[in-house]
Each structure stands twice: as structure tokens, then as C-alpha cells.
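Participant: As a plain string of letters, each chain reads:
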Amino acid sequence: MMHRVLLPFEFSEPVTVAEAVSLVDGDRARALAGGVDLVLKLRLRQIVPERVVSLQKVRGLDHVRVDADAGGQAAAAGGRAEDGALHIGALATLRQVETAPAVRQRWPLLAEAIGSIVSVQTKAMGTVAGNLCVGTPASDVAPALYALGARMRIAGRDGEREIPIEQFFLDAGKTAVGPHEIVTEIVVPAPAAGSAGAFLKLSMTSEDIAKVNAAVMLTLAGGVCARAAISVGSAAPTPVRAAAAEKALTGRAIGAQAITEAADAAAEAVCPISDVRSTARYRKEMVRVLVRDALEKAAARAAAGKEA
Amino acid sequence: MTTDAFSEDAFSSVGRRLGRPDVAAKATGAALYGADITLPGMLIGRILMSPHAHARVAKIDVSKAKALPGVAAVITYDDVPKRGFTRSVMAEGLPSFAYEGENQDQFILSDKARYIGDWMAAVAAVDVYTAERALDLIEVEYEVLPAVFDPEEALEDGAPAVHDGWKDNVAGIIDHPFNRGDIEAALAASAHVVEFSGRNSRQKQAHMEPDVAIASWDSQGRLTVWSPCQNAHLAKKAMGRRVFDIGEGNVRWITPAVGGGFGARLSFGVEPVAAMLAKVAGKPVKVVVTREEDFNGWNSRTEQRQTIRIGVTEDGTINAIEQNVLSDAGAYFSHSGTISAVNMQSTLGVFRSPVVRGKATMVYTNNPTSSGMRGYGNPEGSFILQQAVDMAAEKCGMNPVEFRLKNAKGVGEPSMWEPQNLTSCALPACVEQGAEAIGWKDKWQGWGVEKQGRYRRGVGMSIMTHASGAGGFLLEHSTAVIKLNEDGSAQLSVSPCEMGQGILGTLSQIAAEATGLRYENIRVVTGDTDVTLFDIGTHASRSTYAIGNAVLDAGKKVRAAILHRAARRMDLFPEELGVRDGMVYAKADPGITISVADISREAIYDYGTDAEHIMATGKHQCVMHCPNFQAGFAEIEVDVETGVIKVLRLVIAHDIGRAINPLTVEGCLEGGAAQGLGYALTEDLVIDRQTGKVVSDSFATYKILSSLDMPEVEIILVEEPDPTGPFGAKGVGETGITNVAPSIANALYDAVGIRVHSLPMTPEKVLGALEATGPSTRPGPSARLSVAIGEVQARKAVPYS
Amino acid sequence: MASSKEIAAFLVNGNEYEVIIEPHLLLIDVLRDKLGLTGTKYACGAGDCGACTVLIDGRPSFSCLTLAVTAKGKSILTIEGVAEGNELDPIQQAFVDQGAVQCGFCTPGMILSTKALLDENPEPTRDEIKTALAGNLCRCTGYVKIVDAVEAAAAAMRDGGGR
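Residue numbers (our numbering), protein chains in the order written: chain D, 1 to 308; chain Y, 1 to 801; chain W, 1 to 163.
Hints were generated in silico from the structure; no laboratory data involved. This structure is a prediction, so every number in the text was calculated from the model and none was measured. Worth double-checking, as some hints may not be accurate.
Calculated cross-link-like contacts (lysine-lysine; reagent style DSBU-like; alpha-carbon spacing at most 30 angstroms) [stated by the list, open to error]:
(1) Y:Lys646 <-> Y:Lys441
(2) Y:Lys283 <-> W:Lys5
(3) Y:Lys283 <-> D:Lys297
(4) Y:Lys693 <-> D:Lys284
Could you put together the complete structure from these sequences and hints?
Facilitator: Below you can see the structure in the form of C-alpha cells.
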């Protein structure tokens with residue numbers, strides 16, 4: 001239930017990651033980044049923490065930077081590719097990432113996904129990491145990061161760990177961040193040469209959470225799909241990596257037939273619910289339509305040589 | 001009121017796009033809305049709202065709340081006067097026989113919760129933090145009762161009774177007052193009969209300013225209320241005679257800046273609770289609410305389920321119209337009766353028909369209650385009627401434009417309130433100009449044309465009539481006062497409700513034109529019932545027409561007084577003089593002038609026997625409601641794979657009579673169009689059918705348009721002055737909303753051959769209807785949407801986040 | 001539950017204020033209730049409508065979702081700080097002249113989002129204007145004349161050398 005004001009809590013402003021994780025304690029001591037989600041939850045009394053730990057003064061978390069690119073060879077080899085990767089600090093705002101020239105040039109799929117969030121204030125205040133930490137499958141950023149193969153860096157009292165983003169979302173509203181942990185960084189590998197992506201979203205109005213969204217990344221070589229990443233949001237308790245759909249495309253010539261099969265497989269892979277925004281039946285059908293439309297768009301962009 | 005002696009070639013204020021006097025303060029943040037006002041010693045009030053849709057209070061313990069330091073008062077049903085009232089303040093303007101039909105079923109606080117959000121207790125404390133903590137300390141034991149959330153279920157035998165003594169939950173039945181003829185015989189005799197059924201969603205007013213009220217009793221038992229009220233003089237009566245028994249003279253109503261009304265402020269909001277808290281606490285109390293509480297609570301459009309049948313002759317003449325309305329009143333009667341009545345009037349009153357039958361049944365349920373919402377029944381009825389009209393046109397093979405022009409009433413014929421004949425009607429010009437603007441001739445290709453491809457375009461139209469005031473069916477009069485100041489400026493005392501529609505500027509322009517003063521020198525005095533004279537206030541799109549006529553009357557009298565004194569000064573006859581821009585001039589030689597300021601000052605500083613403060617009272621009382629008319633057109637593009645309707649263009653052609661301020665009039669129509677688009681496509685107050693909880697209780701889930709959602713809207717103002725309007729003006733305030741949904745619905749049929757029977761026309765429903773008619777979507781009979789509607793009604797409150 | 005009171009310094013519209021706050025106080029309430037700056041409006045409290053928009057270090061922000069304690073020492077601009085003295089800022093003047101103000105409740109937030117836009121992009125297209133205002137809901141105008149006003153303000157600032 002919404003309230004006009006918040007219940008009291010203690011407040012800390014650590015300046016290092018180590019200090020922050022020593023204070024953070026699940027729902028008893030919650031981390032605050034941009035506040036767009038946490039403060040709303042406090043108003044709704046969905047959480048009543050004893051302490052709020054602001055990360056806003058922690059050093060070294062507000063960066064958006066790209067590692068020096070060693071010719072993209074590591075990425076093309078399919079192995080771990082720190083080189084050329086995009087590093088998004090936990091305090092980097094959505095707007096910061098959306099407008100970073102490097103992101104617009106080399107990870108336009110991510111810029112496109114953030115662009116679908118139209119509230120300027122939300123993007124000026126809210127962080128990319130915070131958006132993911134809400135744990136909602138309706139995140140617009142998550143499917144794009146899934147399709148880009150992002151990894152999450154999480155710091156705890158025992159040090160840092162790194163997990164692929166597919167292991168980050170556990171259930172609706174639940175992430176892999178432990179009670180004494182915070183996300184410090186999101187690492188997004190450089191897309192391979194010949195890649196292009198597309199992000200699409202259906203919602204009631206422009207300023208709205210998705211009924212369904214989808215992000216795809218295609219790597220084409222001579223009209224053949226070398227690699228496909230397809231991710232769908234708002235259609236299951238977590239964002240979904242449509243593996244069967246990806247398999248339906250990989251190694252095949254990109255065309256209407258392959259795309260249709262992939263879209264059908266994606267629709268099979270989801271289990272949406274009916275809620276205030278839409279119905280399960282509609283969402284499932286729209287997964288098919290959006291994935292197909294996104295694949296067509298990505299394929300066209302790849303063919304045109306745009307990195308999209 | 002005629003406006004002879006004013007020449008429209010020489011208007012100084014009327015017709016100009018002038019800035020309004022109240023907006024600079026709004027642009028600087030200086031304007032004070034209710035929540036911005038602080039009084040010495042003021043407490044903050046919060047209301048405890050029921051979490052159950054239907055429950056008796058078995059036990060309520062406020063002792064812990066009362067004991068909290070900083071709490072000044074805690075009240076429950078036990079503390080309030082046992083005087084029932086209707087939430088509808090506007091009802092005070094009904095003639096007594098009709099008022100008796102308004103159920104006085106409301107108390108300041110309830111002993112039985114009848115909807116989720118019903119008001120069970122309230123606290124007043126030193127600050128909002130303490131007030132909210134006090135709410136948490138109130139312990140209520142509810143005896144939960146079976147509830148009913150569907151009006152048809154509420155009518156069944158054995159359904160839970162929402163109000164004791166109303167076993168069948170029928171809150172009221174209204175027969176349309178102008179029923180005539182034998183409907184079944186007339187339909188049987190018709191060459192073609194069409195029928196269309198449907199329902200609308202409970203659209204929220206969603207004014208940006210949440211409800212608020214401040215109440216303060218003085219030492220003599222006089223109550224002052226500050227609230228965003230649309231009819232303050234009626235509210236004064238309702239509070240002084242119904243809620244409390246203190247008399248109208250002991251209530252002073254102050255209206256601060258109002259952040260949007262749209263009809264919501266025609267009902268009591270939190271004012272009675274604020275007054276009760278202030279009485280008990282002995283200090284002023286400001287009651288504030290959250291947006292969530294507003295969504296869950298006490299006003300919205302009613303949901304009306306309707307069937308309309310139209311019978312036509314072979315040549316496309318309407319010979320019978322029937323309308324049946326089942327209205328979900330919600331938990332309290334409020335406006336549900338009057339909305340249904342106005343629905344039938346405006347719906348059954350647009351077209352000529354020898355046989356007419358309308359009947360409305362209002363039903364109690366455990367859903368939230370209603371208040372006025374823009375259009376007040378007209379958007380509800382038009383969505384059904386204008387689709388039935390298109391169906392009839394199709395049966396006759398007629399162009400929808402032609403069919404409407406053939407059957408719509410015109411000058412000299414009975415208006416929608418039949419005892420009055422139309423004195424003006426520019427509908428044909430609206431239709432023609434609107435059709436031209438949308439490109440109807442080229443874009444409407446005829447009935448049964450199947451479009452191809454994934455994205456299919458269509459055009460549709462709708463017409464409507466609306467009142468410019470409630471003359472003839474509600475109390476309808478206004479009084480205005482103009483008094484001159486010594487410097488040639490004037491105070492204009494009027495009592496509309498300026499809630500954004502720009503009425504203060506409009507009335508100032510009328511005053512300036514009528515008196516001959518400069519627009520910039522008109523100072524408006526408003527918003528205080530101790531100062532202003534009785535006025536119904538703002539509703540029924542009446543303010544320009546009715547209050548404008550009162551201002552015109554006062555202005556002409558002031559002008560006459562100025563000329564009378566000036567004539568003596570200038571040794572001429574008054575007829576030989578004119579007044580313009582604050583200067584009196586000789587018509588024969590305009591170089592000879594005296595300023596109004598001089599006249600006014602000399603009148604006051606008269607040391608002889610002829611001192612005068614030049615002022616006049618103007619009145620308007622009229623049984624005319626001077627309807628306005630409008631034609632609306634929509635061009636849309638439908639994605640047959642997603643069901644998404646993209647509105648490419650809207651054209652709205654309005655019969656305004658005279659646009660006193662075209663900038664203001666356009667603004668009203670554009671804003672109405674935005675609400676019409678929401679009503680048509682995106683705004684859905686979703687209520688969980690298991691619990692009665694409003695699931696869409698925030699702007700995140702109840703979707704009004706953002707800046708990126710507005711399509712291109714073209715406004716056409718057709719000016720054929722009405723002889724009875726001030727400078728020929730007619731009403732416009734509510735009207736922009738009404739034609740949007742039906743014109744889009746008719747365009748949908750043109751594009752893909754299906755009709756959606758419930759609002760909003762979401763992509764889910766459109767896709768469901770497309771699937772039901774088969775993949776070819778060949779235009780044909782309207783598709784029933786039982787599948788899609790069933791899914792919509794089965795939505796449960798299980799959000800992702 | 002105890003929480004720590006502190007005397008905090010706020011820089012609002014170029015003026016320094018010292019206010020007693022606690023961590024759970026929201027910036028909107030500090031501005032409105034403690035500083036008497038009621039121009040910033042509460043309309044939803046949830047970051048859905050933008051009526052509470054203020055600029056914090058130039059960034060358009062929801063004051064209803066900002067803990068006051070995190071705004072200490074930052075430069076805050078509210079609607080009261082937009083005009084200099086008695087003359088309306090070109091954005092305000094354009095809103096008044098173009099009919100962009102109806103009930104006025106969304107107007108302060110709308111003007112601040114406009115200011116953030118024009119400070120960064122002095123020659124926006126109509127689409128860029130709509131995008132910049134997408135987080136500010138208006139129930140009265142249908143946005144048509146608001147977009148007209150922003151265009152007019154941008155033009156006036158380019159011609160007259162606004163502010």
C-alpha cells in the first residue's frame with residue numbers, strides 16, 4: 001500500500017566497496033543506487049529496512065569504459081574476451097550508458113533497449129545495475145544484455161565473483177545477489193564482426209513497462225547465421241534465453257523459413273501470465289511476432305553492414 | 001442575450017488568442033493549490049480505508065492511535081452525524097422531485113465497508129508522519145461479507161445486498177423523459193434493424209492534483225473549507241444542510257488553484273472528513289491522500305453496459321431508436337443516475353426519430369463509486385450509438401457522412417432536451433469541413449472493401465451534441481458583478497471553477513468587450529463564496545455560455561453607466577458615444593475622448609450629490625441549454641499481427657458559435673482528444689473480479705497518454721454565432737472527448753472489418769476479434785468477442801514486479 | 001525506530017538553507033514543507049508522472065523518489081528558481097503565450113524538464129521535444145501546445161539570447 005511518507009531508518013554512505021558490503025544485509029540493510037526502485041518500495045512498505053546503505057559515494061563505480069580492443073580476436077575466438085569489452089559501473093545511469101558514444105557505436109542494441117525507456121528522469125536517476133537488481137523479467141535492459149552475453153560482477157565479504165547474466169535472474173523479483181553483496185560492474189563483450197541486433201517492445205503506451213520485449217543478436221557470415229542470441233522478457237518469471245530458437249538458426253542461411261522456425265521455437269519457450277497489462281495468450285503470440293520482427297530487422301542490419 | 005451594438009469587425013478582445021490571467025502564477029510555482037496552503041495550527045489528516053470490498057466493522061479500537069503523541073483526533077462512524085447524504089454535490093441543483101431520486105446513502109465515515117477504499121476512520125495529527133503512524137495503530141476487526149462486483153450478478157436472486165434495505169441492488173431506474181411511440185412496432189415496420197451492444201471501462205479523471213481539503217471552524221461555529229470544488233455554492237449547501245445541520249450561511253467555500261477537475265470535483269472528496277476532524281480537533285485540518293487511494297476510491301466514470309437498436313427505412317431514414325443501459329453505480333449512488341440520464345439525452349437526442357425509447361437501470365455493486373467524468377454519459381453512449389449508426393448506413397449502402405447528415409437534427413428542431421428548439425446548429429459545416437480535412441472522399445472506399453497487407457488503414461467518423469449548460473433540467477443561473485476602479489480597471493466577480501479550461505480569461509475577454517475596457521485591466525475575483533454571488537459553477541460545459549451571459553449583462557450595464565456620465569461631461573447623448581480600450585470617444589469625431597479612468601474617479605470623488613461607484617450586477621437565467629455540435633474523424637492503421645491500432649490523424653470540427661479565445665478553445669479540444677484516445681485505447685480501470693481490488697491503481701498501470709503518444713490532431717472551429725450565446729459563443733469544455741472512440745471504432749471496421757464491443761479497444765481484443773473472424777478478416781458481421789472479453793475479465797492481480 | 005537527525009545544508013535556487021532532516025525524509029517534502037517551496041508538486045509519489053521534477057546538478061530528477069539526505073550539497077533547481085526577479089524566463093513566457101498551461105499542476109515539472117532539454121540541446125526537433133518530455137504526464141493539454149511552447153522558447157532563446 002502506498003504511503004505519503006517513509007518509515008524511519010538509519011543511513012550509511014560508505015566510500016569503498018568493502019565498506020559497502022560490510023553494511024549491506026539483505027532486506028534489513030538495503031543498498032541504494034539511483035533510488036528509483038528502492039524508494040518506491042519503501043513508499044509501498046514492500047520492504048521496511050532498518051538501514052539504507054547509499055552507494056552514491058562509493059568510489060570507482062560510475063564508469064562507462066571500453067577496454068583497449070586487441071583487434072577483436074579474442075571475441076571472435078568465442079572465448080573469454082576482456083579486451084574490447086564494455087564495462088558499466090554499478091552507478092552508471094541509464095542515461096549515461098545510452099548516450100555514451102562508444103555504446104552507440106559498438107553496442108547499439110543496448111542503446112536501443114535503453115531508448116525504449118522513455119522517462120528522462122528515470123534514466124537520469126536510475127542505474128543499469130539497479131534496473132537489473134530489481135529482478136523483474138520486464139526489464140528492458142535485461143534481454144539486450146542477455147543477447148550481448150553480458151556478465152555480472154558481484155562483490156561480497158569474501159571478494160568478487162562473476163557470473164553470466166543468465167544466472168543472475170533467479171525468479172520474478174529475485175536475483176543472485178546475496179544479502180551481503182552488491183553488483184559492482186556489468187561486463188559486455190564486444191560483438192563479433194558481422195553482428196547486428198534489434199530490440200523490440202510492445203506496451204500499452206510509450207511510457208510503460210513492456211507487455212513483451214525481445215532482443216536478438218545475429219552474427220552473419222555470407223548470409224549464414226554463425227551465431228544467434230535471442231532473449232525475451234516479460235514472458236516468464238525471468239528473462240528467457242530462447243536456446244531452441246537459437247539452435248534453429250545457427251548454421252543456417254538466414255531467410256523467412258529459418259526465422260519463422262526460430263520465432264515459433266521462442267514462443268514455445270515462454271510461459272507468460274495474464275496480469276493487469278496483458279493476457280498470457282496474447283503475450284505468447286506476441287513473442288512469436290516480436291522475435292520474428294527483431295530477427296528480420298537484425299538480419300537486414302547485418303546485411304547492410306551496420307553493427308546495429 | 002443579444003450582442004447587438006457590438007460589431008464583430010471591431011472586437012477588441014473577443015476572438016483573440018490572449019494569454020490567461022491565471023497562468024503566469026502557475027508557470028512560476030506561485031499559484032497555490034489546496035495542498036500548498038498552510039494555516040496556523042493546522043493538522044494533517046489521513047483516512048483509514050477498507051481493505052475489504054464488503055465487510056462490517058465488528059470491532060474498532062482507536063485507543064492506541066489516540067494515545068500516540070501528536071495525534072489530535074481519531075474518528076470513526078460512531079463520531080459522525082447520522083445524516084445520510086449523496087456524494088454528488090451537483091445533485092443539489094436538481095429539482096426536488098428529481099433530488100428525491102438521488103439516494104442519500106453516504107455518511108462521513110462508514111460502519112460497513114462497501115468497496116475497497118471505503119472510508120472507515122480518520123486521524124488528525126501534527127504532521128503527516130504522525131498521522132500515518134496513527135493509521136497503522138488503528139485496530140479494526142472486520143466481519144468480511146460476500147461481495148458482488150458485476151452489475152448483472154448483483155441483480156440475481158441471492159446476490160449480496162450492498163445497502164441494507166436494497167435487497168435487489170437496484171439503485172434506481174430512469175425512463176428517458178422523451179420516450180414516444182411503440183418501439184417494437186416501429187422496429188418491426190423498419191426495412192432494416194441493427195443492434196449493437198457494448199460497454200465502457202471506468203475511466204478515471206486522473207487529474208494531476210490529488211484530492212485535498214482543508215477545513216476550519218471558527219469560534220462562532222462557522223466552517224470554512226478549501227478544496228478544488230467545481231460547484232462551491234452548491235457544496236456550501238450540501239455541507240451546511242445535508243452533512244451538517246448548520247445552514248448555508250455558516251459555510252464558506254474557498255476554491256484555490258485547481259489541478260484539473262473533469263467532473264471529479266462535482267462530488268464530495270475528502271471535505272466532509274476534513275470538516276469532521278477539524279470539528280473534533282478544534283483546529284484546522286488538511287486531509288491529504290495518495291494517488292493509489294485516488295485510483296481505488298471515490299470517483300470514476302461508471303461502467304455502462306448498453307444495447308442500442310436502430311430501425312431505418314429503405315432510403316436510410318431513422319424511424320426508431322432504442323437504448324437500454326445497465327449502469328454499475330458502484331457502492332454509492334453518487335452521479336450514477338444523472339450520468340445515465342444525460343447519456344440517454346445526448347445519445348437519443350442527436351438524430352431525428354419518430355419513435356424513441358430509452359431506459360437505464362443503475363445497480364449497486366461493491367466496486368468504487370462514480371463522479372462526473374468529461375462528457376458525463378455522452379462518451380459512453382456515443383461509443384455504442386455511432387457504431388450502430390454506421391451499421392445502419394452499411395445496411396442501406398449509404399456513405400456514413402451522408403447517413404448522418406440526412407438524419408441529424410437541425411435549427412428549429414427539438415434539441416436533445418426536447419422542450420427547447422435548436423437556435424443554432426453548425427453540424428453540417430462541421431461534417432463537411434471535417435470530412436474534407438481528413439480526406440474522406442479519397443480514403444473511404446465504400447463498404448465491404450477488403451484491405452491487404454499487414455498494416456491496414458481505415459477512416460471512421462462520429463458526430464455528437466452536448467449541452468452548453470443544463471438549462472431546462474437543472475438549476476441554471478449565474479450572477480456576475482463588475483465594479484470599476486478609479487484607475488479604469490475593473491474587478492470582475494464570478495464563480496466558475498477555473499480548473500485549467502481557461503474560463504477566467506474567457507470571462508475577462510467578455511467583460512472587456514462588453515464594458516469597453518482593456519482586457520489587461522480586468523481583475524478577476526473568484527473562488528470565495530463569501531464574496532461571489534450564487535452560481536452553479538462549472539459543469540455541463542456551461543461556463544462560457546451561462547456565466548459569460550451574466551458577465552455580458554453586467555458589462556453592458558457598466559458600459560451604459562460609463563456612457564451616461566461621460567455624456568454629461570462631453571455634452572453629448574450617450575448614443576453618440578462609444579467605449580473601447582478604456583477610452584470613451586465621440587462616434588462622430590473619435591479624436592474627442594475621455595478615459596474611463598477619469599469617469600470612474602470623478603464618479604467616486606464627487607463632492608456634490610451624485611457620487612457613484614460605477615458597478616453592475618449581471619444575471620443569466622435561462623431554460624436554454626444551447627447545445628453545441630461536433631464531428632470527429634479518425635484515420636488509423638491496424639497491424640493485423642499485433643492488433644495494435646495506430647491513430648494517424650484525428651480531425652475535430654466543433655460548432656463553437658464564437659470562439660471567445662481560440663487558443664483556449666483549441667486547448668480544450670486537444671486535451672479532450674487526448675482523454676478520448678485514452679478512453680478508446682489505453683485507459684482501463686481493471687478490477688480484480690475475485691476481491692474487488694482495483695489492480696490498475698497507479699499511473700504505471702493505468703495508462704494515460706504521454707507526449708510521445710499523441711497523434712496529429714487538427715482542430716477546426718466552425719463559427720456560426722448562436723443568437724443566445726455571449727457574442728454568439730457556445731460550450732466546448734467537455735466535448736473533445738466524445739467523438740474519438742467511436743470514430744476510431746468505425747475506422748477499425750473500415751480497416752479490418754471487425755468491431756470491438758468494450759472499451760478500451762486494446763490490441764488483445766482487436767487480435768481476438770480478428771482471429772474470431774478468420775485469417776482473411778473479410779469485412780462482415782460484427783464479431784462477438786466472448787473469447788477476448790473472457791480473457792480480459794479473467795485477469796488476476798499477479799504482477800511481475 | 002530511532003534514526004539520526006542532522007542539520008543538513010541544501011543549495012536550492014542558488015540559496016543556502018540549513019534544515020533539520022532525517023534519512024527517511026523525501027526531497028519533495030523537504031522542499032515543500034520545510035523550505036516552503038510549494039511549486040514542486042506531489043501528484044503520484046511513485047516516479048510515474050514527473051510533476052515533482054527538479055534539476056539536481058542539472059539532471060531532471062523525481063524529488064518524490066529522492067531521499068533528501070542524498071541531495072545535500074548538490075545544486076537543486078526548482079520552479080521558483082527559474083525566473084529571475086519578476087520577469088518570466090523565456091520558457092515560462094512561452095508556456096504562458098502558447099496556451100501550454102491549463103490547470104498548471106504539471107507545469108513546474110514540465111518547465112524543468114524543458115530547461116534540462118534546452119540547456120543541452122538548444123535547437124530540438126518536435127520529436128526530440130516529445131522525447132524529452134515523455135516522463136512528464138499532462139492530463140489537460142494533450143501536449144500539443146506544450147510542444148509548441150518549447151519550440152517557441154527555443155527560438156526566443158536563440159534570438160533574444162535567453163538565459
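Participant: Does Lys441 (chain Y) lie within 30 angstroms of Lys646 (chain Y) when you go C-alpha to C-alpha?
Facilitator: holds, 21 angstroms
Participant: Just to be careful, I want the Cα atoms of Lys283 (chain Y) and Lys5 (chain W) compared with a cutoff of 30 angstroms; is the pair within it?
Facilitator: holds, 28 angstroms
Participant: Lys283 (chain Y) and Lys297 (chain D): Cα distance at most 30 angstroms?
Facilitator: violated, 65 angstroms
Participant: For the pair supplied as a hint, Lys693 (chain Y) and Lys284 (chain D), is the alpha-carbon distance within the 30 angstroms limit?
Facilitator: Given that 30 angstroms is the threshold and the Cα spacing comes to 26 angstroms, the pair holds.
The structure does not agree with numbered hint 3 stated previously, though it agrees with all others.
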